[in-house]
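Protein chains: 2
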Amino acid sequence: MKYKKIPGGICAAEGFMASGAHCGIRNNTSKPDIALIVSSVACHAAAVYTQNKVKGAPIHLTQKHLADGKAKAILCNSGNANTCNPDGPAIAQTCCNLAAEATGLRPEDFIIASTGVIGQPLSTAPFEKGLPKLAAALRREGSTDAADAILTTDTKHKEFAYEFSLGGKTCHIGAIGKGSGMINPNMATMLVFLTTDVAIGSDLLEQALQAEILHSFNQLYIDGDTSTNDMVSILASGLAGNQPIEETSGEYQTFREVLHTICVKMCRALAADGEGATKLLECHVNGAPSGEIARRVAKTVVSSDLCKTAMFGEDANWGRVLCAIGYTEGDFPVDKVSLILKSSAGEVLVCENATHRPFSEEEASRILAEDELQLLIDLQSGTESGTAWGCDLTYDYVKINGDYRT
Amino acid sequence: MKYKKIPGGICAAEGFMASGAHCGIRNNTSKPDIALIVSSVACHAAAVYTQNKVKGAPIHLTQKHLADGKAKAILCNSGNANTCNPDGPAIAQTCCNLAAEATGLRPEDFIIASTGVIGQPLSTAPFEKGLPKLAAALRREGSTDAADAILTTDTKHKEFAYEFSLGGKTCHIGAIGKGSGMINPNMATMLVFLTTDVAIGSDLLEQALQAEILHSFNQLYIDGDTSTNDMVSILASGLAGNQPIEETSGEYQTFREVLHTICVKMCRALAADGEGATKLLECHVNGAPSGEIARRVAKTVVSSDLCKTAMFGEDANWGRVLCAIGYTEGDFPVDKVSLILKSSAGEVLVCENATHRPFSEEEASRILAEDELQLLIDLQSGTESGTAWGCDLTYDYVKINGDYRT
Chain A
489 MKYKKIPGGI
499 CAAEGFMASG
509 AHCGIRNNTS
519 KPDIALIVSS
529 VACHAAAVYT
539 QNKVKGAPIH
549 LTQKHLADGK
559 AKAILCNSGN
569 ANTCNPDGPA
579 IAQTCCNLAA
589 EATGLRPEDF
599 IIASTGVIGQ
609 PLSTAPFEKG
619 LPKLAAALRR
629 EGSTDAADAI
639 LTTDTKHKEF
649 AYEFSLGGKT
659 CHIGAIGKGS
669 GMINPNMATM
679 LVFLTTDVAI
689 GSDLLEQALQ
699 AEILHSFNQL
709 YIDGDTSTND
719 MVSILASGLA
729 GNQPIEETSG
739 EYQTFREVLH
749 TICVKMCRAL
759 AADGEGATKL
769 LECHVNGAPS
779 GEIARRVAKT
789 VVSSDLCKTA
799 MFGEDANWGR
809 VLCAIGYTEG
819 DFPVDKVSLI
829 LKSSAGEVLV
839 CENATHRPFS
849 EEEASRILAE
859 DELQLLIDLQ
869 SGTESGTAWG
879 CDLTYDYVKI
889 NGDYRT
Chain B
489 MKYKKIPGGI
499 CAAEGFMASG
509 AHCGIRNNTS
519 KPDIALIVSS
529 VACHAAAVYT
539 QNKVKGAPIH
549 LTQKHLADGK
559 AKAILCNSGN
569 ANTCNPDGPA
579 IAQTCCNLAA
589 EATGLRPEDF
599 IIASTGVIGQ
609 PLSTAPFEKG
619 LPKLAAALRR
629 EGSTDAADAI
639 LTTDTKHKEF
649 AYEFSLGGKT
659 CHIGAIGKGS
669 GMINPNMATM
679 LVFLTTDVAI
689 GSDLLEQALQ
699 AEILHSFNQL
709 YIDGDTSTND
719 MVSILASGLA
729 GNQPIEETSG
739 EYQTFREVLH
749 TICVKMCRAL
759 AADGEGATKL
769 LECHVNGAPS
779 GEIARRVAKT
789 VVSSDLCKTA
799 MFGEDANWGR
809 VLCAIGYTEG
819 DFPVDKVSLI
829 LKSSAGEVLV
839 CENATHRPFS
849 EEEASRILAE
859 DELQLLIDLQ
869 SGTESGTAWG
879 CDLTYDYVKI
889 NGDYRT
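Protein chains in written order, with my numbering: chain A, 489 to 894; chain B, 489 to 894.
Simulated from the structure, these hints should not be mistaken for laboratory data. Mixed in with the good hints there might be a few duds.
Since copy identity is lost for identical chains, a pair holds within one copy or between any two.
[Unchecked claim] Calculated cross-link-like contacts (lysine-lysine; reagent style DSBU-like; alpha-carbon spacing at most 30 Å):
1. Lys552 <-> Lys824
2. Lys493 <-> Lys887
3. Lys824 <-> Lys492
4. Lys490 <-> Lys824
5. Lys887 <-> Lys830
6. Lys887 <-> Lys644
7. Lys519 <-> Lys657
8. Lys753 <-> Lys519
9. Lys824 <-> Lys617
10. Lys830 <-> Lys552
11. Lys753 <-> Lys830
12. Lys519 <-> Lys617
13. Lys490 <-> Lys558
14. Lys617 <-> Lys887
15. Lys617 <-> Lys753
16. Lys617 <-> Lys492
17. Lys644 <-> Lys493
18. Lys558 <-> Lys753
The following block holds chain A by itself, in its conformation from the complex (with noise of 0.2 Å):
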């Protein structure tokens, strides 16, 4: 066992503290909207970020922010995306001003997000209001608070951390995440911040966290609609006192293995609070002749709005997944394809040589029932595999998302 789950969230690592409050930006008071972390040492940090073209104001300052690689905290408020903001870059600016003062630390220290409606007024009164109480909570139990306050549509927190071991040192990695609409990641991802107390470069930081998102946040897909605001940012604070990673270490891989884990801990919880979900849908491909390959095909399948209202009716219609699997793009061949669907009750093999193999709808029908499902493809056509992460396609997303705004 080398890494093992722990409570804490964002603030397991050692040198993080949060809060997070109802400040004002949200008319409903029961709702908090703003949260603050921040670190007790200058941390390594890196981030990705949205590829959308309109890109959130805040996306702009904390890439600006993190050009030296270093960062002490982060603020973030839900509510409203400050984009498509005239005065967007100003208001981001005044709320780094604002954080730094209630905190004593300097506004260039900040990674800030925002995330909600786009194109809305944003008042920074609430920040004004909110900054001192929010600063003066800081606790290293402030995780769930944190989290509750990054939330828009989602239906509960996301909180995770792990901790393992690096050249004798206890070290960890918490995060906190928020979906739960306008998600399909795109070198980049919804928001999530992630904390560490490992000590490594920020350049290997970033290069780890590239790395992790092509299997991880990028292979999830709610709704195809990528945000202005997409966000996955990691804090290193270096406390753990470990020797500090190098590339070709043992010590690294070690890292990047927790560090996939606590990501794709993640996405299933996204996936699974996506909006409207009653179903989380997790897509495993195997025997693709490419790792890419095997990726696109499985975030081919659970965007199908086809495979994922089929989910929800709990319908074994496999013929849109082989229908799915057919529009993905790159040359692979078909023919050989199988389809096995699986839950908690079982598995039935539904599809062989891409043609129709006899089943019980009866027993399919009791594997669909559950609310994770495994749709595990094999394309006979090579060794290399991949997973994506989704969810059905209900009258819920319909109804939150026909009238988001009122």
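Let chain A serve as the given structure and place chain B on it in line with the hints.
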């Protein structure tokens, strides 16, 4: 007035007869399931096909039959796609043989198409029983019967025809088509059959069709799933008696123009009757640096689940449109984008220079309450334009597809 809309659908052009009836592929005896369309003379023919790697058996057989650019008839069934069936190719061949026998034509004279559930066994008994009946029922007034027989989840049949003049000769072009889910054509489309009595060689006919679909059927989006059985075909009987059309002539331009008109008409009808749709969305993009970028932006907007649900909710959530423009593939500026929402109830400018512009929510709601909505985008970065068609995403889409097979 270069052309006018006329009745007659796929039989409006000289030489064509059609029929359609329930033959037993479907259990529901009130839903016709096989259509037959026959020309009295040999036709030049062209078709474009789905780019899905998983292709229905009828697609392969039609490609073979059209290799010489000639055909005389169309056989199309609904209720079963004859796709992912181990004996699919043999079944498609048997169906052509039976149709040839019933009509006195040769099997290779047929364009054959199937649409419906993928991966279900298909019996040839309904063809054996039904084709003599269909052949006997062929008539000039048969377009609606055929148009009804090819439908799956469509709520209404689609047939259109236009009359125009070439070199003093009266010419016609007609079409029937079906949607209404699994529609995201890629260099091809759902099932649309076109007929004309124009004299035109098969190479030029194919060139005209290939060029046309870039601006019509490939710009249509219902749910992102590219079908395994998509096809658009055109038969030209030559019975109008015009001088065969040359590529460099004004007649070719006229033919292209009428072809475009009927294809756009069909796209609008297919989009308006998309699965579960309550509204037709038409997105026009102006001021683009290239036609391709204009078309791509328009299609991305009508493809966005969040734009589609907002239109269903009659919510002027323009930030979602900006978001979709922003993740459109390609390099173009987004900082000068403007957006007008328009319908028969009026129009409202909701965004200028990619930022919020105060508007009356009440007025916007009144505009969005209509059945046909236009999203007018100006990128203000060029002179090119493009259009795409789609529909809203509704509860009924989820309902229809949550349990399609039962």
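Against the structure, the hints:
1. Lys552 <-> Lys824: Between copies only: 23 Å across, 49 Å inside.
2. Lys493 <-> Lys887: neither (35 Å within a copy, 39 Å between copies)
3. Lys824 <-> Lys492: neither (39 Å within a copy, 50 Å between copies)
4. Lys490 <-> Lys824: Answer is neither; intra-copy 37 Å and inter-copy 52 Å both fail.
5. Lys887 <-> Lys830: both (29 Å within a copy, 23 Å between copies)
6. Lys887 <-> Lys644: both (18 Å within a copy, 26 Å between copies)
7. Lys519 <-> Lys657: For lysine 519 and lysine 657, neither the intra-copy (39 Å) nor the inter-copy (72 Å) Cα distance is at most 30 Å.
8. Lys753 <-> Lys519: within (25 Å within a copy, 48 Å between copies)
9. Lys824 <-> Lys617: Neither, since 62 Å and 34 Å both go past 30 Å.
10. Lys830 <-> Lys552: neither (46 Å within a copy, 39 Å between copies)
11. Lys753 <-> Lys830: within (19 Å within a copy, 44 Å between copies)
12. Lys519 <-> Lys617: within (16 Å within a copy, 65 Å between copies)
13. Lys490 <-> Lys558: within (29 Å within a copy, 67 Å between copies)
14. Lys617 <-> Lys887: neither (34 Å within a copy, 46 Å between copies)
15. Lys617 <-> Lys753: Classified as neither: same-chain Cα gap 35 Å, cross-chain 57 Å, threshold 30 Å.
16. Lys617 <-> Lys492: neither (39 Å within a copy, 67 Å between copies)
17. Lys644 <-> Lys493: Answer is within: at 19 Å inside a copy they meet the 30 Å cutoff, but 56 Å across does not.
18. Lys558 <-> Lys753: Answer is within: at 26 Å inside a copy they meet the 30 Å cutoff, but 57 Å across does not.
Checked against the numbered hints above, the structure violates hints 2, 3, 4, 7, 9, 10, 14, 15 and 16; every other hint is satisfied.
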